[in-house]
Amino acid sequence: MRRRLLAMISVLTVVLGSACAPGPSAVSPSAGSGPAESLKGSTDSASRSEIAKPASAPATTANAARPAGAAAVAGAPAAAPVEMAQQGLPGLDRSIIRTVTMTISVTNVQDAYRQVERIAIEQGGLVAGSQVRQEGERTTATVTVRVPADPATYATTLERLRGVAEKVVEEQSQGQDVTEELVDLDSRLRNLHATEDSLRGLLGRAQRIEDILQIQRELTTVRGQVEQTQGRKQALERRADLATITLQIREPAALGRNGWTAEGTVGEALRALAGVGRALLTLAIWLVVWLPLWGPALVGLWLLRRYARTARTGSPAPATGGNPA
Numbered sequence: 609m610r611r612r613l614l615a616m617i618s619v620l621t622v623v624l625g626s627a628c629a630p631g632p633s634a635v636s637p638s639a640g641s642g643p644a645e646s647l648k649g650s651t652d653s654a655s656r657s658e659i660a661k662p663a664s665a666p667a668t669t670a671n672a673a674r675p676a677g678a679a680a681v682a683g684a685p686a687a688a689p690v691e692m693a694q695q696g697l698p699g700l701d702r703s704i705i706r707t708v709t710m711t712i713s714v715t716n717v718q719d720a721y722r723q724v725e726r727i728a729i730e731q732g733g734l735v736a737g738s739q740v741r742q743e744g745e746r747t748t749a750t751v752t753v754r755v756p757a758d759p760a761t762y763a764t765t766l767e768r769l770r771g772v773a774e775k776v777v778e779e780q781s782q783g784q785d786v787t788e789e790l791v792d793l794d795s796r797l798r799n800l801h802a803t804e805d806s807l808r809g810l811l812g813r814a815q816r817i818e819d820i821l822q823i824q825r826e827l828t829t830v831r832g833q834v835e836q837t838q839g840r841k842q843a844l845e846r847r848a849d850l851a852t853i854t855l856q857i858r859e860p861a862a863l864g865r866n867g868w869t870a871e872g873t874v875g876e877a878l879r880a881l882a883g884v885g886r887a888l889l890t891l892a893i894w895l896v897v898w899l900p901l902w903g904p905a906l907v908g909l910w911l912l913r914r915y916a917r918t919a920r921t922g923s924p925a926p927a928t929g930g931n932p933a
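Going by my numbering, the first residue of the sequence shown is number 609, and it counts up by one from there.
One should not assume that every hint holds.
[To be verified] As a list, the in silico DMTMM-like pairs of lysine to aspartate or glutamate whose alpha-carbon atoms are at most 20 Å apart:
no.: 1; residue 1: K841; residue 2: E788
no.: 2; residue 1: K841; residue 2: D792
no.: 3; residue 1: K841; residue 2: E767
no.: 4; residue 1: K841; residue 2: D719
no.: 5; residue 1: K775; residue 2: E725
no.: 6; residue 1: K841; residue 2: E804
no.: 7; residue 1: K775; residue 2: E859
no.: 8; residue 1: K841; residue 2: D785
no.: 9; residue 1: K775; residue 2: D719
no.: 10; residue 1: K841; residue 2: D794
If you are wondering where the hints come from, they were derived from the structure by calculation, not from laboratory data. From a predicted model like this one, the values you see are computed outputs, not experimental measurements.
Kindly produce the complete structure, drawing on both the sequences and the hints.
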């Protein structure tokens, strides 16, 4: 029983270690058709034997594994397609996450927003988010649209969006190539699925409670890694399938476009009047708050002035000092 347990633990160690190793797709010559298709129907031993073939293999075998457009290297060694795939062959389907930021100036922001929404829908996309703001006398909007990232639709959408603007103030575009990351995620998924199958086989043969619990823990860990890897792969694929275009839509300031206007002058006068009203209201509030301090002093001053006036009125008139006639 001890030997049996040791053998089972050794197998578990080897199987779990294989899940962390790079997948066979890292050296797959079929870079254009994807790692999953190049290894379909082959066992692990068959893959190792293919990798171990000498560089002088017949040209027909090498050509069968090459993607379309690679016929010019038919006489090259078997390792040549691997090196070329790493450098990036022209014509291969690349997974690129495209993002564009564009600032445009328009006469009417609301009309421009409706045009942008219509363009996105007609191009097979959607409006992912929008926000409209009033900045002083100007209305601005931020609209995010997502459209299919194929070259034709992508280029047509950008051209139509530029046509909405009176002036394109700024435009920035970026592309992130995630092809290699997707290939690596595919390889990891295959290794994790193989590890999961091996662990399930061991679980079916395990008899001791300790062994069953240990294998179940490993299965839980592997399953979590599978779900995490699948989620990352699906997120990258969704981002690569739809290009993201963010538009800053704004209209020029009224005074900047037309100079002096009656509407602008009235607006400035009203804002000034509102400022004076706020100042007077603030002063009144301060006077009311400080009334308990300056109120008694003001009343006392008033009483003092009244007493002084009364005293002057009741006093006798001064003598003239002259003799009667």
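Would you check the hint for K841 and E804, treating anything up to 20 Å between C-alpha atoms as holding? holds, 19 Å
Taking only the CA atoms, is the gap from K841 to E788 under or equal to 20 Å? holds, 11 Å
Given the hint that K775 pairs with E725, does the C-alpha gap stay at or below 20 Å? The given pair, whose Cα atoms are some 19 Å apart, holds under the 20 Å limit.
Under the criterion that the straight-line Cα-Cα distance not exceed 20 Å, is the pair K841, D792 satisfied? holds, 10 Å
Take a quick look at whether K841 and E767 sit within 20 Å of each other, Cα to Cα. violated, 31 Å
Given the hint that K841 pairs with D719, test it: the Cα-Cα distance must not exceed 20 Å. violated, 38 Å
Holds or violated: K841 and D785, Cα atoms, limit 20 Å. Roughly 14 Å separates the two Cα atoms, so the pair holds.
Can the restraint linking K841 and D794 be considered satisfied, given a maximum Cα separation of 20 Å? holds, 8 Å
Hinted pair, alpha-carbon criterion (20 Å max): K775, E859. Please report holds or violated. Roughly 10 Å separates the two Cα atoms, so the pair holds.
Can the restraint linking K775 and D719 be considered satisfied, given a maximum Cα separation of 20 Å? Measuring from Cα to Cα gives roughly 15 Å; hence the hint holds.
Hint compliance for this structure: hints 3, 4 are broken, all remaining hints hold.
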